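Student: If you're matching them up, the sequences are chains Z and V in order. Per my numbering, the first sequence starts with residue 1, numbered consecutively. Per my numbering, the second sequence starts with residue 1001, numbered consecutively.
Be aware that a few hints might be false.
To be verified - Listed below are the simulated SDA-like cross-link pairs for lysine to any residue, each with C-alpha atoms no more than 20 Å apart in a straight line:
#1 Z:K110 - Z:Q38
#2 Z:K67 - Z:N22
#3 V:K1011 - V:V1055
#4 Z:K98 - V:Y1010
#5 Z:K42 - V:A1088
#6 Z:K110 - Z:Y39
#7 V:K1044 - V:S1027
#8 Z:K42 - V:I1026
#9 Z:K42 - V:V1089
#10 Z:K2 - V:Q1036
#11 Z:K98 - V:K1062
#12 Z:K98 - V:T1103
#13 Z:K56 - V:T1101
#14 V:K1044 - Z:E45
#15 V:K1044 - Z:S32
#16 Z:K42 - V:Y1010
#17 Z:K42 - V:L1039
#18 Z:K98 - V:Q1059
#19 V:K1011 - Z:S40
#20 Z:K67 - Z:Q31
#21 V:K1044 - Z:T24
#22 Z:K2 - Z:R28
#23 V:K1044 - Z:N7
#24 V:K1078 - V:I1038
#25 V:K1044 - Z:G59
#26 Z:K98 - V:V1055
#27 Z:K67 - Z:E57
#28 V:K1044 - V:E1068
#29 V:K1044 - Z:K67
#30 Z:K42 - V:P1008
#31 Z:K42 - V:A1005
#32 V:K1011 - V:E1085
#33 Z:K2 - V:L1046
I should point out that these hints are in silico values taken from the structure, not numbers from a laboratory. These numbers come from a predicted model, not from an experiment.
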Amino acid sequence: QKEVEQNSGPLSVPEGAIASLNCTYSDRGSQSFFWYRQYSGKSPELIMFIYSNGDKEDGRFTAQLNKASQYVSLLIRDSQPSDSATYLCAVKNTGGFKTIFGAGTRLFVKA
Amino acid sequence: EAGVAQSPRYKIIEKRQSVAFWCNPISGHATLYWYQQILGQGPKLLIQFQNNGVVDDSQLPKDRFSAERLKGVDSTLKIQPAKLEDSAVYLCASSLAGTYTDTQYFGPGTRLTVL
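In isolation and in its complexed conformation, chain V is listed as follows (with noise of 0.2 Å):
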């Protein structure tokens, strides 16, 4: 079974430019999750879709971050314009349904380095 999928690996970009990061997540899974983690902090969940609806955005900086899920599969990470603070790796993670007993499985992570 592929994991999850997510490009790029590693992202420089300088303050006030956009970035986008794309994620695939593990067949059938209909839940997906972005994460921001900063270096020595614990994962902060940004948005959860359920297939292509989003189920919770509320850690979500909507000013300047937007995510999509189309078809309920791929998803889209943006981030516009940038700061230097969003410097962290961004984790996309998914599951069969979104249950309390549900299992996350986490991609291997998108690491931004804003200068």
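Chain Z extracted, bound-state conformation (with noise of 0.2 Å):
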């Protein structure tokens, strides 16, 4: 089993629709969670972060997490083109050291 796991996509949506991107992981003690944008070919950047049980909201981006579950997902509300990435999802083990990436999710949004 993969300590982060993401569905590796294509994931397809038109643009205006609501994008869900889903993540699980294995280590149950793990503390925070992370959402990176990686454009083709340039390097991770910051989409948010989130370390309690619910939902976190940052403009069209909401953070949902559940550790009961182990399971973390970023909604992207009004998808454009603009958003065809691919999304990482990282979690953050129990003593904050080591950040384990999972192998991201592909998204396209078709104008």
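Join the two chains, each given in its own frame, into one complex according to the hints.
Tutor: Here it is as structure tokens:
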């Protein structure tokens, strides 16, 4: 079992729709969870992080965390073609020392 | 605020050669990370420094990879000798303190091709 799992996609959604990206993790003691966006040929850039159960909203983005189910998700509302990228889920372990990334989900937003 | 700087941006070498990458973190950031990202995969942490001490290097292939962070600022990552499977993008990142809520900022990366 991989430590952080994501569906590789591609996930294709029409412009204006909600894109839902999912991530599961194996370390039950994980403390914090990050979503990064990576355009092709570029380095990852942080979208948002969450460390408490529930929802956290930032503009068009909402992160959802369920520690009991070891599940974190990212919702992108009103998806735009510029949102087309690979979305990486990252999890910090109990000690906060090591960040483990998932393989990423490729999102394609059709105009 | 200047971002994380890396050089070179691209490097092509033959197997068994050596190569070195340089990283300059954001000013004031105590924690520095080196990641390896193979095409189609997520970044894999190679080594994490807190100031000039190593916090985690459990996934660093120590028989061929080495890294140092002198004076707690700049860092270099070296591969000697390189193998074909080392072809990847090497990302450097930095963060303020390395805590569990800390945000990592990535540099542009160095794309290494081993022939």
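Student: Next, verify each hint and record whether it holds.
Tutor: A quick look at each hint next to the structure:
This hinted pair checks out: K110 of chain Z and Q38 of chain Z have alpha carbons roughly 18 Å apart, not beyond 20 Å. A C-alpha spacing of about 13 Å is found between K67 of chain Z and N22 of chain Z, which places the hinted pair at or below 20 Å, so the restraint holds. For the given pair, K1011 of chain V sits about 28 Å from V1055 of chain V by alpha-carbon distance, which is inconsistent with the 20 Å threshold. A C-alpha spacing of about 27 Å is found between K98 of chain Z and Y1010 of chain V, which places the hinted pair above 20 Å, so the restraint is violated.
The hinted pair formed by K42 of chain Z and A1088 of chain V meets the criterion: a straight-line CA distance of about 13 Å does not exceed 20 Å. Restraint check: the Cα-Cα separation between K110 of chain Z and Y39 of chain Z comes to about 16 Å, which is no more than 20 Å; the hinted pair holds. Of the pairs offered as hints, the one joining K1044 of chain V and S1027 of chain V is violated, with about 24 Å between alpha carbons and a cut-off of 20 Å exceeded. Restraint check: the Cα-Cα separation between K42 of chain Z and I1026 of chain V comes to about 18 Å, which is no more than 20 Å; the hinted pair holds.
Between K42 of chain Z and V1089 of chain V the alpha-carbon distance is near 10 Å, which keeps this suggested pair within the 20 Å criterion. Between the alpha carbons of K2 of chain Z and Q1036 of chain V the distance comes to roughly 17 Å, so the proposed pair stays at or under 20 Å and holds. Taking the CA atoms of K98 of chain Z and K1062 of chain V, the gap is about 18 Å. The hint holds against a cut of 20 Å. Restraint check for K98 of chain Z and T1103 of chain V: satisfied, since their Cα atoms lie roughly 13 Å apart, inside the 20 Å limit.
Using a Cα cut-off of 20 Å, the hinted pair K56 of chain Z and T1101 of chain V holds, with the two alpha carbons roughly 14 Å apart. Proposed proximity of K1044 of chain V and E45 of chain Z is supported: the alpha carbons are some 16 Å apart, at most 20 Å. Only pairs whose Cα atoms come within 20 Å are accepted, and K1044 of chain V paired with S32 of chain Z is accepted, the gap being roughly 17 Å. Distance hint between K42 of chain Z and Y1010 of chain V is fulfilled; the C-alpha atoms sit about 13 Å from each other, no more than 20 Å.
With a C-alpha separation of about 12 Å, the suggested pair K42 of chain Z and L1039 of chain V falls inside the 20 Å cut-off, and the hint holds. Between the alpha carbons of K98 of chain Z and Q1059 of chain V the distance comes to roughly 11 Å, so the proposed pair stays at or under 20 Å and holds. Our distance criterion of 20 Å between C-alpha atoms is met by K1011 of chain V and S40 of chain Z, whose separation comes to about 18 Å. The hinted pair formed by K67 of chain Z and Q31 of chain Z meets the criterion: a straight-line CA distance of about 9 Å does not exceed 20 Å.
Of the pairs offered as hints, the one joining K1044 of chain V and T24 of chain Z holds, with about 17 Å between alpha carbons and a cut-off of 20 Å not exceeded. As the CA atoms of K2 of chain Z and R28 of chain Z are separated by approximately 13 Å, the hinted pair is consistent with the 20 Å bound. For the hint linking K1044 of chain V to N7 of chain Z, the alpha-carbon distance of about 18 Å falls within 20 Å, and the restraint holds. This hinted pair checks out: K1078 of chain V and I1038 of chain V have alpha carbons roughly 17 Å apart, not beyond 20 Å.
Only pairs whose Cα atoms come within 20 Å are accepted, and K1044 of chain V paired with G59 of chain Z is rejected, the gap being roughly 29 Å. Restraint check for K98 of chain Z and V1055 of chain V: the C-alpha separation of about 9 Å stays at or below 20 Å, so the hint holds. Of the supplied pair hints, the one linking K67 of chain Z and E57 of chain Z holds, its CA atoms being roughly 18 Å apart against a limit of 20 Å. About 18 Å separates the Cα atoms of K1044 of chain V and E1068 of chain V, which keeps this hinted pair within 20 Å; it holds.
Of the supplied pair hints, the one linking K1044 of chain V and K67 of chain Z is violated, its CA atoms being roughly 23 Å apart against a limit of 20 Å. Pair hint K42 of chain Z plus P1008 of chain V holds up; C-alpha atoms about 15 Å apart against a cutoff of 20 Å. Note on K42 of chain Z and A1005 of chain V: the hinted pairing holds, with a Cα-Cα distance of about 14 Å set against a maximum of 20 Å. A threshold of 20 Å between alpha carbons decides the hint, and for K1011 of chain V with E1085 of chain V the separation of about 15 Å falls inside it, so the pair holds.
Our distance criterion of 20 Å between C-alpha atoms is met by K2 of chain Z and L1046 of chain V, whose separation comes to about 17 Å.
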